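Those protein sequences? They're chains A and B, same order as listed. Numbering of the first sequence is given in the working numbering, commencing with residue 1 and proceeding in unit increments. Numbering of the second sequence is given in the working numbering, commencing with residue 1 and proceeding in unit increments.
Possibly wrong hints are sitting among the right ones.
To give a feel for the contact side, a few chain A residues facing chain B, derived at Cβ under 10 Å [stated by the list, open to error]: (1) Leu21; (2) Gly132; (3) Ala144; (4) Leu150; (5) Tyr155; (6) Ser182; (7) Tyr185; (8) Asn207; (9) Val228; (10) Leu233; (11) Trp243; (12) Phe262; (13) Leu269; (14) Met278.
It should be emphasised that the hints constitute simulated quantities derived from the structure, not laboratory data. These numbers were taken from a predicted model, which means no experiment stands behind them. Backbone N, C-alpha and C define an ideal beta-carbon position, used for all residues, glycine too.
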Amino acid sequence: MNAPAASALPARREGLWSKALHKFSRDRAGLISLVIVLLYTIVALGVWAGLWATEWADVTGTKWMPVSSEYWFGTNLIGQDIFQRTLYSTRTAFEVGLVVAVLATAVGALLGAVAGFFSGSWIDEIALWLMGVLDSIPFYLFVAAIAFALQDNPYAMHVAMISTFWTTVARLVRGEVIKLKSLEYVEAAHAIGVPEITIIFRHILPNTFHILLVQGTITFVAAIKSEVILSFLGLGVKDGMSWGLMIAESTLEVMAGFFNNFLAASVFLFVLVMAFNMFSDALQDALDPKKV
Amino acid sequence: METLQYILRKLLTGIPLLLGVTFISFLLMVYFGPDKTYELLGKSATPEQIEEVRHQLGYDRPFIARYGQYLKELATMDFGHSDSTGEPVSGLLSRTIPISLALITPGFVLGNLIAVLLALVAAYHRSSWVDRFIMGFSVVGMSISFLIAIIGFQILLSSSYGLNMFPVRGWNMSTVGNYLSYVTVPTLATVFVSLGYNTRFYRAVIVEEMTRDHVRTARAFGIPPARIFYKNILKNSMIPIITRVIFSIPLVVISGSLLIESYFGIPGVGKVTFDAITTGDQPVLKAVVGLTAVLFVLAQLLTDILYRAVDPRVTLK
Chain A
1 MNAPAASALP ARREGLWSKA LHKFSRDRAG LISLVIVLLY TIVALGVWAG LWATEWADVT
61 GTKWMPVSSE YWFGTNLIGQ DIFQRTLYST RTAFEVGLVV AVLATAVGAL LGAVAGFFSG
121 SWIDEIALWL MGVLDSIPFY LFVAAIAFAL QDNPYAMHVA MISTFWTTVA RLVRGEVIKL
181 KSLEYVEAAH AIGVPEITII FRHILPNTFH ILLVQGTITF VAAIKSEVIL SFLGLGVKDG
241 MSWGLMIAES TLEVMAGFFN NFLAASVFLF VLVMAFNMFS DALQDALDPK KV
Chain B
1 METLQYILRK LLTGIPLLLG VTFISFLLMV YFGPDKTYEL LGKSATPEQI EEVRHQLGYD
61 RPFIARYGQY LKELATMDFG HSDSTGEPVS GLLSRTIPIS LALITPGFVL GNLIAVLLAL
121 VAAYHRSSWV DRFIMGFSVV GMSISFLIAI IGFQILLSSS YGLNMFPVRG WNMSTVGNYL
181 SYVTVPTLAT VFVSLGYNTR FYRAVIVEEM TRDHVRTARA FGIPPARIFY KNILKNSMIP
241 IITRVIFSIP LVVISGSLLI ESYFGIPGVG KVTFDAITTG DQPVLKAVVG LTAVLFVLAQ
301 LLTDILYRAV DPRVTLK
């Protein structure tokens, strides 16, 4: 595409994204939360690359050692380093959060866009029925059932979360697509004979991207929080370490007055979820002019 | 008469949902679910005994027949006997559901009521420090895991490291005093966690209604603020609020109490469900899933009828 003549350009380009970036860069809480999320990401990447928290499963100390320069958060009931276990759990949280957020958003976008584009037809009816059905099955029962049907596959929890979380995204995308499809540019595309599939995926779906971005962050938070509860109940992470498993193992310790394990897991979880929630808010503020 | 017709028609449209929910859960929980044959038999069972148990459990019948049997059980509300304890499922549920309701109701009511009040206060002081404080508080509430809130309140209120005022775990409803002492800690945790999400949602709804043109016009005409608040703002906000409250009921009864009950060892329907999950007690699971789906259909019906009560433009067609 040729750049139009310089004189034809407005003084500053005002697109959705440049405006959003500008607004976001002035949002102090949003920027701080982004920095915190990035720090967690670095921790998770470091664990993944094997840079730190490599001895999370080793018994290196003795029972319930206090905080020291060697054991930053002390040791747990059997003498494992709580700090390393906390860092390692960050990786688990990110892995669950990213896989679930990306796939649930993608499935929701796809089915929501198709349902919205063909709204009122049988395709839409089926999609709406499926969303209603999945929303009506109790979540924990669903996870347990999928875990069993997949024969204790470690990804059963992910599959269960993706199959329930996509419905929220799909409902929002469906609503937006119904709005977008009656706009003139879509009518114009129809008139010049653009195939429907191209209209949905090239002309309409990209215009819902701001919804997908915000919903992606919300799903990420929901996935991390659900993982902790599921792992605590014994329905989530089986091999490996997660904040939920740390809290599960800490319930014995808490009653005996040793709080390190519980505090480490809950503070790390709280700060990440809080930062992500604030980041998600700032993103919504920046992208949605109507948000109050 | 018209309303009755509407209710019947609405119940009919709920049938596809019921079929979907029961079909998916039947497929997952029963068809691909745990095989209990060898648990019920001792070691060294003869092939005839195995055959006998499989016949008793219905494993030897085709899928459609077993699913049809489930639908029949749901229609007659007769789910047979629990695999684990041998107790009739209907008796099990009628014993445990009241406990769960007694446990959940205070937290659910307070969590929504306080949230609406906070949301009103925040919306009326929009962008001031009051609003920012309430919203900051609700983001904190949203960020604390339910699990951590439960354990945190337990440490603070029920252990010797805190106030040590309430029982650590268990359940007793024999007197009002006992009930209050056992219900307080779970209720506080529930309210604390649900306030965050609820307040945010309700504030957004109320602010949207407050900024509508007809509210501004009413103000310009000098209508007293209390009247504007009641007629133009509160009544219009009721539709999304009612929807949220009613649709959260079916899942709150099961999923919400599952974590609390299994943590505090309270013998409610959530605990029964959790045990049924871990032991693969299919009659109980089938009953719980089926009843939740029925509750969802009823919730849909109830919201439609309540819409009519708050908004006369809505017709039941």
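message: Going through the numbered hints above, which ones does this structure break? Give me the numbers in ascending order.
response: Failing hints, ascending: 1, 5, 6, 7 and 8.
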